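Chains as they are written, first to last, in our numbering: chain A, 1 to 388; chain B, 1001 to 1370.
It should be emphasised that the hints constitute simulated quantities derived from the structure, not laboratory data. These figures come from a predicted structure and were not determined experimentally. Keep in mind that a hint or two might mislead.
Dumping the calculated DSS-like pairs for lysine-lysine here, alpha-carbon to alpha-carbon at most 25 Å [stated by the list, open to error]:
1) LYS1287(B) x LYS1321(B)
2) LYS1161(B) x LYS282(A)
3) LYS1273(B) x LYS282(A)
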Amino acid sequence: MGRKEMIAMLLAGGEGKRLGVLTRDLAKPAVYFGGKYRIIDFTLSNCAHSGIDTVGVLTQYQPLELNRYLGIGSPWGLDRRDGGMTILPPYVKQKGGVWYKGTANAIYQNMAFIERYDPEYVLVISGDHIYKMDYELMLEHHKKCGADLTIAGIEVEWKEASRFGVMHIDDEDRITAFEEKPKNPKSNIASMGVYIFTWKALQKYLIIDEANRNSSHDFGKDVIPAMMRDGLRMHCYPFKGYWKDVGTIESLWEANMDLIADEPALSLYDPEWRIYSVSPNKPAQLTTDTAEVTASLVTEGCILEGIVDRSVLFSGVHTEIGSLITESVIMPNVTIGAGAQVHRAIIGEGAVIQAGATIGDPNSDEITVVAVDQFVAVDHQLLEVEPT
Amino acid sequence: MKHNVLGVINLIHETDELERLTQSRCLATVPFAARYRLIDFVLSSLVNSGMDKIAVFAHTKYRSLMDHLGSGKHWDLQHRQGGLFILPPATDDIQEISRGDLYHFYQHRDYFQRSSLDYVVITRSHMVCNVDFDDVIRSHQEQGADITVVCKREPNHTFGKARKVKMDADGRITAIQDHYGRMISDIISMEMYVMRKELLMELVETSLAQGQDHLVRHAIFSRLGKLNVRAYMYDGYLGVVNTISSYYEHSMKLLQPAVWKELFYRPGPIYTKVKDEPPARYSASSKVTNSLIANGCRIEGTVINSVLFRGVHVEKGAIVKDSIIMQNGQISENSFVYNSILDKDVVVESDRDIRGAGGTPFLAGKKKII
């Protein structure tokens, strides 16, 4: 096995509790996004475009659908002879096995995998974020700074800063302080959860962290603060562009709506930076003579007979005559019955909205979620629908 | 289940009157239905019927064919054993290329002889359909036929060039004519033949020995008296696409939801080479009605009764009506495109007015700038 300069470890075990029914049977990275993608497609495509050919995907929560989706990594060019994609679930060892106890522990448990490739650097990313980033440029920055750890950082609004790990940096982008989800943030540079570690340094701190009984084995809470205390060389890689954590119903809905803006901050149409995914392989969408479609994204396999405005439709959606969809995200193979109305909603895969039913309220800011395979009848509008 | 049938898609001397659309590509790879190539329909039918050893007998202009089919993985034909075989003419004499298809079958005889499978299905690429070949083979065996020809009753067949077929009350074929004959019959041949492999090999060798080298005209037609040649009547959607008018007509028929639902899904899905195009994007100013829109399109203008392939951009104020715009076409601001077929990568600049005249669509070749 040849040596790799940098390999990626992609954390994809997140349960995504705050996504409610959308992650009932599904790991968060496998949640649908943007009309034909799943959230994890963005980070995997970033790897593909950054020349990274070895990716370990760490799975834990509800991995069935995610594993099936990832396969051997072909859609992202990761079906390679040396390296490629390897799915890394927790496993049983001679002295018993344990679940991944935290992000750092997940990497710790897979140190043997990393060492097979004897890498100089390890990129640790998560499958929960929507962004386009060239990790190769970040690696150059890491090398130029001679850093032990580089954290990609993005400026966020001050009121948002307390949701993230925030970094204080000096004029040379060196991190002088790191706070995980501070109550009163003193910096608005948020960690994007994208780390490049010099492997030798990471290895040492993973072993130290594992031995610490008081640690929660988390990068943000434990490993990075420990490196900080010991004065390791930590730099921030300032990222400018679109980045969004889609961990909540609101942020998932917003990120979908961001795509239909007049000038979206994240373009899906850059031929140099295609987002790869498993194609549904369905016929082109049919927009009939009763349809009106405006300010929307629509994918293959849809038959549109109703009105669609400011919405994102995944493959195989059928909107019947007289139906109205506004500001909604309609996941694959959903049927919207004749005359049904859907406002500000996220409709799970395979759901059926009966003719004449109404979902959501156009005059409310609340986002209504309809679970996978749910049948919503006219007289029972909120059958198992989870308000947010 | 392991299947006992070899597939052959025979591209040798296909009847092709697609003018500029086949200037630099073979008929099999003419883009059709917003994201497919003609060959996808029959290839998917073969795959969906359980065949996993399929050869494409390429003939001329097959560069786009190799690019499209690749390893066959998009049709699930990238197998440990079998899979997809693209076989271009195996001859070192340029003159020989123009010889009939039986000559090339003979050149490719290893493909047949090396296989242990007993039956062969031979098809063309320009029949847009969705056929269950399992059912065809069942019928072939039940009728004890030597050869089964897939046929379709088409009383109003006007577009596309096809052979007419006559059969007796028993379902036995009594006459097959060439594409231009005057025979009166409402049954057309879909150019799909099922027979035992040994019979095919025998027909190839005996015909060639007699100086004859056309599968249908010589090997089959001249033996209608001796062999039990049966028709299998297909009743699904069929588009014979080998002329401009049939190309246009059958493209427009896809706009009928009933045709769309049948052709692309029943009995099995139609596969094609996957591209990573994003979803189609309709802007606030878009007006789209009665149209087939592929992924990757960006629509800011108006689209009526049209077929838009992947990555087409219709700018603000532009109107596309009764037209077919192939991959990556660009219709710039305030232009009007009516009754036209634009091949791949055609750019229509701003404020242009393009229209076909007298029922004939305007045809623009690949990469043209108008």
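Hints, one by one, checked against the model:
1. LYS1287(B) x LYS1321(B): With a Cα-Cα distance of about 11 Å, the restraint between LYS1287(B) and LYS1321(B) holds, given a limit of 25 Å.
2. LYS1161(B) x LYS282(A): Measuring from Cα to Cα gives roughly 29 Å; hence the hint is violated.
3. LYS1273(B) x LYS282(A): OK: LYS1273(B) and LYS282(A) at ~11 Å, within 25 Å.
Checked against the numbered hints listed earlier, the structure breaks hint 2 alone; every other hint is satisfied.
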